[in-house]
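Working from the sequences, and respecting the hints, build out all of it.
As you go down the protein sequences, you meet chains A and B in turn.
Under my numbering, the first residue of the first sequence is numbered 376, with each subsequent residue one higher.
Under my numbering, the first residue of the second sequence is numbered 52, with each subsequent residue one higher.
Hints listed in this document are in silico derivations from the structure and should not be mistaken for laboratory results.
From a predicted model like this one, the values you see are computed outputs, not experimental measurements.
Treat each hint with caution, since some may be false.
[Stated by the list, open to error] The calculated lysine-lysine pairs, modelled on DSBU-like cross-linking and capped at a C-alpha distance of 35 Å, are: (1) A:431 / B:64; (2) A:442 / B:64; (3) A:442 / A:417.
[As the list claims (entries may be wrong)] From the derived model, a few chain A residues whose C-beta atoms are all more than 12 Å from chain B: (4) 401; (5) 407; (6) 419; (7) 429; (8) 430; (9) 432; (10) 436; (11) 437; (12) 444; (13) 446; (14) 472; (15) 477; (16) 483.
[To be verified] Partial list, computed: chain A residues near chain B (C-beta under 10 Å): (17) 381; (18) 393; (19) 409; (20) 418; (21) 424; (22) 461; (23) 464; (24) 476.
Ideal placement from N, C-alpha and C gives every residue a C-beta, glycine not left out.
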Amino acid sequence: QKEVEQNSGPLSVPEGAIASLNCTYSDRGSQSFFWYRQYSGKSPELIMFIYSNGDKEDGRFTAQLNKASQYVSLLIRDSQPSDSATYLCAGCYTSYGKLTFGQGTILTVHP
Amino acid sequence: DAGVTQSPTHLIKTRGQQVTLRCSPKSGHDTVSWYQQALGQGPQFIFQYYEEEERQRGNFPDRFSGHQFPNYSSELNVNALLLGDSALYLCASSFGDQPQHFGDGTRLSIL
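In structure tokens form, the structure reads like this:
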């Protein structure tokens, strides 16, 4: 079983819709979770991080964490074509240590 | 304010050779982590350096070694290169419990 698994893609949504990206993790010791966006040929860019159960909002992005269900999600509201990228979910035992990444979900937002 | 910088951007080597990759952390950051990202996969943790010591290590063979200098910059060395070492090598820096930020990476190709 992979430590961090993301919903299989690719995911395609129309412009203006809500994109929902999901991630599950197997290690209950994981405390911190991160979402990175990676454009083709580029490096990962941090979008959101969440440490506590519940929701965390930043602009069009909302991260959700449910430690009991070992589930992390990222919602992107009012999706734009510029949001088209691979989204990587990562977990960490602490807030500063090794990041364990999922395989990524490719998101395409079509006009 | 410069972000994480890596050099070189691209490198071509042949099997059996050795390679050194370099990373300068973002200003104010003191921790450097290295990741390997194969095509279509999420990054895999190699190791993390803090206070010039290897603090944490992933499941990589001893052919992979590193160093951190007093100015917090870091090197990743790979000996006896294999075809399977072809990947994007990412350096990430951080400070304290803040999230890791990635450089643009070094794309290594082994012929």
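Results for each hint:
1. The suggested pairing of residue 431 (chain A) with residue 64 (chain B) is violated, with an alpha-carbon distance near 44 Å, which exceeds 35 Å.
2. Distance hint between residue 442 (chain A) and residue 64 (chain B) is unfulfilled; the C-alpha atoms sit about 44 Å from each other, more than 35 Å.
3. Restraint check for residue 442 (chain A) and residue 417 (chain A): the C-alpha separation of about 31 Å stays at or below 35 Å, so the hint holds.
4. Chain B leaves residue 401 (chain A) outside its interface by the beta-carbon criterion, the shortest separation being 15 Å against a cut-off of 12 Å.
5. Remark: the non-interface label on residue 407 (chain A) conflicts with the geometry, its nearest Cβ contact in chain B lying 8 Å away (cut-off 12 Å).
6. Once the 12 Å rule is applied to beta carbons, residue 419 (chain A) is inconsistent with being away from chain B; the minimum gap is 5 Å.
7. No beta-carbon of chain B comes within 12 Å of the beta-carbon of residue 429 (chain A); the shortest separation is about 18 Å.
8. Even its closest Cβ contact with chain B, about 18 Å, leaves residue 430 (chain A) beyond 12 Å, as expected for a residue assigned away from the interface.
9. Chain B leaves residue 432 (chain A) outside its interface by the beta-carbon criterion, the shortest separation being 17 Å against a cut-off of 12 Å.
10. Every beta carbon of chain B lies more than 12 Å from that of residue 436 (chain A), the smallest distance being close to 14 Å; the non-interface claim holds.
11. With a cut of 12 Å on Cβ distances, residue 437 (chain A) stays outside the contact zone with chain B, its closest approach being about 17 Å.
12. The Cβ of residue 444 (chain A) sits about 21 Å from the closest Cβ of chain B, beyond the 12 Å cut-off, so the non-interface label holds.
13. Every CB of chain B lies more than 12 Å from the CB of residue 446 (chain A), the least distance being 18 Å, so the non-interface label holds.
14. The non-interface label for residue 472 (chain A) is inconsistent with chain B: the shortest C-beta to C-beta separation is roughly 6 Å, within 12 Å.
15. The Cβ of residue 477 (chain A) does not lie farther than 12 Å from every Cβ of chain B; its closest approach is about 5 Å, which violates its non-interface assignment.
16. Even its closest Cβ contact with chain B, about 16 Å, leaves residue 483 (chain A) beyond 12 Å, as expected for a residue assigned away from the interface.
17. Contact between residue 381 (chain A) and chain B, as hinted, is supported at the beta carbon level, the nearest pair being about 8 Å apart and thus within 10 Å.
18. The closest approach between the C-beta of residue 393 (chain A) and any C-beta of chain B is roughly 24 Å, which is over the 10 Å cut-off, so the hint fails.
19. Here the hint on residue 409 (chain A) is kept, as its CB sits about 6 Å from the closest CB of chain B, short of 10 Å.
20. For residue 418 (chain A), the interface hint holds, the least distance from its beta-carbon to any beta-carbon of chain B being 4 Å, beneath 10 Å.
21. At about 5 Å, the closest approach between the beta carbon of residue 424 (chain A) and any beta carbon in chain B falls short of 10 Å, and the interface hint on this residue holds.
22. Checking residue 461 (chain A) against chain B: minimum C-beta separation of about 9 Å stays under 10 Å; hint holds.
23. Among the interface hints, the one on residue 464 (chain A) holds; its C-beta lies about 8 Å from the nearest C-beta in chain B, closer than the 10 Å criterion.
24. Given the 10 Å rule on beta carbons, the hint for residue 476 (chain A) holds: about 3 Å separates it from the nearest Cβ of chain B.
Consistency with the previously given hints fails for numbers 1, 2, 5, 6, 14, 15 and 18, ordered from lowest to highest.
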